[in-house]
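**Student:** Chain by chain, the residues run as shown.
Number of protein chains: 2
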Amino acid sequence: MNFLKKLEAVSKKNNSIISIGLDSDMQRLPKAVMGSNDPVFVFNKRIIDRTSHLVCAYKLNLSFYESLGSKGWKSLEKTLKYIPEKIVTIADSKRGDIGNSSRKYAEAFFDTLSFDAVTVNPYMGFDSLEPFLKYGDRGIFILCLTSNPGSSDFQKIKDENGVPLYLRVAKKIKEWNKYGNCCAVVGATHPEELKEIRKILDNIPILIPGIGAQEGDLEKSVKWGTDPEGKYAIFNVSRAIIFASSGENFDKEAEKRCEELRDQINLYLDEKKKNLKGK
Amino acid sequence: MNFLKKLEAVSKKNNSIISIGLDSDMQRLPKAVMGSNDPVFVFNKRIIDRTSHLVCAYKLNLSFYESLGSKGWKSLEKTLKYIPEKIVTIADSKRGDIGNSSRKYAEAFFDTLSFDAVTVNPYMGFDSLEPFLKYGDRGIFILCLTSNPGSSDFQKIKDENGVPLYLRVAKKIKEWNKYGNCCAVVGATHPEELKEIRKILDNIPILIPGIGAQEGDLEKSVKWGTDPEGKYAIFNVSRAIIFASSGENFDKEAEKRCEELRDQINLYLDEKKKNLKGK
Chain A
1 MNFLKKLEAV SKKNNSIISI GLDSDMQRLP KAVMGSNDPV FVFNKRIIDR TSHLVCAYKL
61 NLSFYESLGS KGWKSLEKTL KYIPEKIVTI ADSKRGDIGN SSRKYAEAFF DTLSFDAVTV
121 NPYMGFDSLE PFLKYGDRGI FILCLTSNPG SSDFQKIKDE NGVPLYLRVA KKIKEWNKYG
181 NCCAVVGATH PEELKEIRKI LDNIPILIPG IGAQEGDLEK SVKWGTDPEG KYAIFNVSRA
241 IIFASSGENF DKEAEKRCEE LRDQINLYLD EKKKNLKGK
Chain B
1 MNFLKKLEAV SKKNNSIISI GLDSDMQRLP KAVMGSNDPV FVFNKRIIDR TSHLVCAYKL
61 NLSFYESLGS KGWKSLEKTL KYIPEKIVTI ADSKRGDIGN SSRKYAEAFF DTLSFDAVTV
121 NPYMGFDSLE PFLKYGDRGI FILCLTSNPG SSDFQKIKDE NGVPLYLRVA KKIKEWNKYG
181 NCCAVVGATH PEELKEIRKI LDNIPILIPG IGAQEGDLEK SVKWGTDPEG KYAIFNVSRA
241 IIFASSGENF DKEAEKRCEE LRDQINLYLD EKKKNLKGK
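Read top to bottom, the protein sequences are chains A and B. When we follow our numbering, the leftmost residue of the first sequence carries the number 1, and every step to the right adds one. When we follow our numbering, the leftmost residue of the second sequence carries the number 1, and every step to the right adds one.
Worth flagging that the hints you see were computed from the coordinates, not collected in a lab. Treat the hints loosely; a few may be bogus.
Identical copies carry no separate label here, and so any pair may be met within one copy or between two of them.
Derived BS3-like pairs: lysine-lysine, alpha-carbon spacing no greater than 27 angstroms straight-line [to be verified]:
hint	residue 1	residue 2
1	Lys199	Lys277
2	Lys172	Lys156
3	Lys174	Lys12
4	Lys134	Lys31
5	Lys134	Lys71
6	Lys220	Lys171
7	Lys199	Lys158
All values reported here derive from a predicted model rather than from experimental measurement.
Looking at chain A on its own, in the form it has when it is part of the complex (with noise of 0.2 angstroms):
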């Protein structure tokens, strides 16, 4: 099924932009799962179980697998197995290689994986990232000003005309959309930026982290980073949910945790939506 009409059907049967981020760190999950064969598997399947009704996506970053070899491997596969078929999965990879090489990673994560959306990154240009993006029927989140301090390092620095690189990132997206499912990577930390941001994509989904264990500004970010109809953003939260709790009921602690942050975002969708009929 198509990325953007899968995650406009999970958004509204859900009620709900948000993402959970599984980095699932084997050095942080809860004793309650440590006696499983594979711990990681294990507790991703009660997060799952216990959120699937609440989040429009979740997203894996690779490196909390990866960490663990061929076997962190083996339970990414089963996580994304189990996760229900009309959920969006995002692989958290931020690749980008050359042609030859990005093809390989676009064949790992949407063939071998059948992952429903990638993060990728664009420092090498636009032929790095078109592997990925001739998958049509998926979804590229192009990294574009990234949530932490270092994002100041490159992305900020300003062109001769005075334009800073993300914003000519921001451009590029737009341009580079020939295949209608390009997307941008935008950390909630830079909300004044995520406003400027959202007014060159227009309706291009923004996938947005930043706003838990980063704290971001959620309300700016929910209302500046949404489209004028509140929609095609994407809330990414990872360890504020799933290591709510080390307890026996870490799963419910997340469910909890999960649920009033999708209400305080719908609040903050239904505030927008007023003052837009307002005007």
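Given the structure of chain A, go ahead and fit chain B onto it with the hints provided.
**Tutor:** Same frame as chain A, now just chain B:
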């Protein structure tokens, strides 16, 4: 063993600054290995057996292994164990993520897989690279100016003072070298820029891809990419060596091609050294 010392020792012993890229694309493997249970590993093994006296490093681009899922990851693990201890191993992964996740990638490549070096992408800035850099005994190759056409999309954008992004990255590589293990990646397809970058980096090692299938300029890259003493460059060739022949004796052909290339590079190095003495 410290990465730099290992690189110097093996370069001297094998009289070589060549790295072979084991981009062992399943779809291009010769028939001779396809009967096996693990064709990728058998192919790599035969290439390594014939070339390990001719190279200073093997570079494994992760994409070719990940495209095969957990099975590919197994082939990667087996190949790494098979490479003789004295030869440098480079994980060509081009990773880079928020600190939390980069730490996990560093664990994956350095603890779980025991690579000597890794390639990383600078777009997300210092805190995305520091978890790698902290492994002071490993080499961290930061993408500076890549060999592909898309390198001009962002890497060549000039800032307000007319300095292109790749030079700003080069300056940061020098500045961030507090652990003594920063290295750079610069494509042989940009010899003039390579000369410029070498001046900034002094004796920081540069990994130089692009002289094989990508047709970069070998003579200029050797003379301008090495430091004044003709050291601290690694020339990587992948397809042009490993797929030199698809016949029964593909490994012999790879050996021949590798030896020719090594001799050609060493000839240019000798010329460079003679010229320096003449001055």
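**Student:** Each hint needs a verdict: does it hold in this structure or not?
**Tutor:** Consistency of the hints with the structure:
Proximity of Lys199 and Lys277 under a CA criterion of 27 angstroms is satisfied intra-copy only: 19 angstroms inside one chain copy versus 60 angstroms between copies. Taking the shortest Cα distances, Lys172 and Lys156 sit within 27 angstroms of each other both inside one copy (16 angstroms) and across copies (15 angstroms). Taking the shortest Cα distances, Lys174 and Lys12 sit within 27 angstroms of each other inside one copy (25 angstroms), while across copies they are farther apart (50 angstroms). Taking the closest pair of Cα atoms, Lys134 and Lys31 never come within 27 angstroms of each other, the shortest separation being 43 angstroms inside a single copy and 30 angstroms across copies.
In this homomeric assembly, Lys134 and Lys71 come within 27 angstroms of each other (Cα to Cα) only across copies, at 25 angstroms, whereas the closest approach inside a single copy is 30 angstroms. In this assembly of identical chains, the alpha carbons of Lys220 and Lys171 lie at most 27 angstroms apart only when taken from the same copy (22 angstroms versus 35 angstroms across copies). In this homomeric assembly, Lys199 and Lys158 come within 27 angstroms of each other (Cα to Cα) both inside a single copy, at 19 angstroms, and across copies, at 24 angstroms.
Hint violations for this structure: number 4 only, all remaining hints satisfied.
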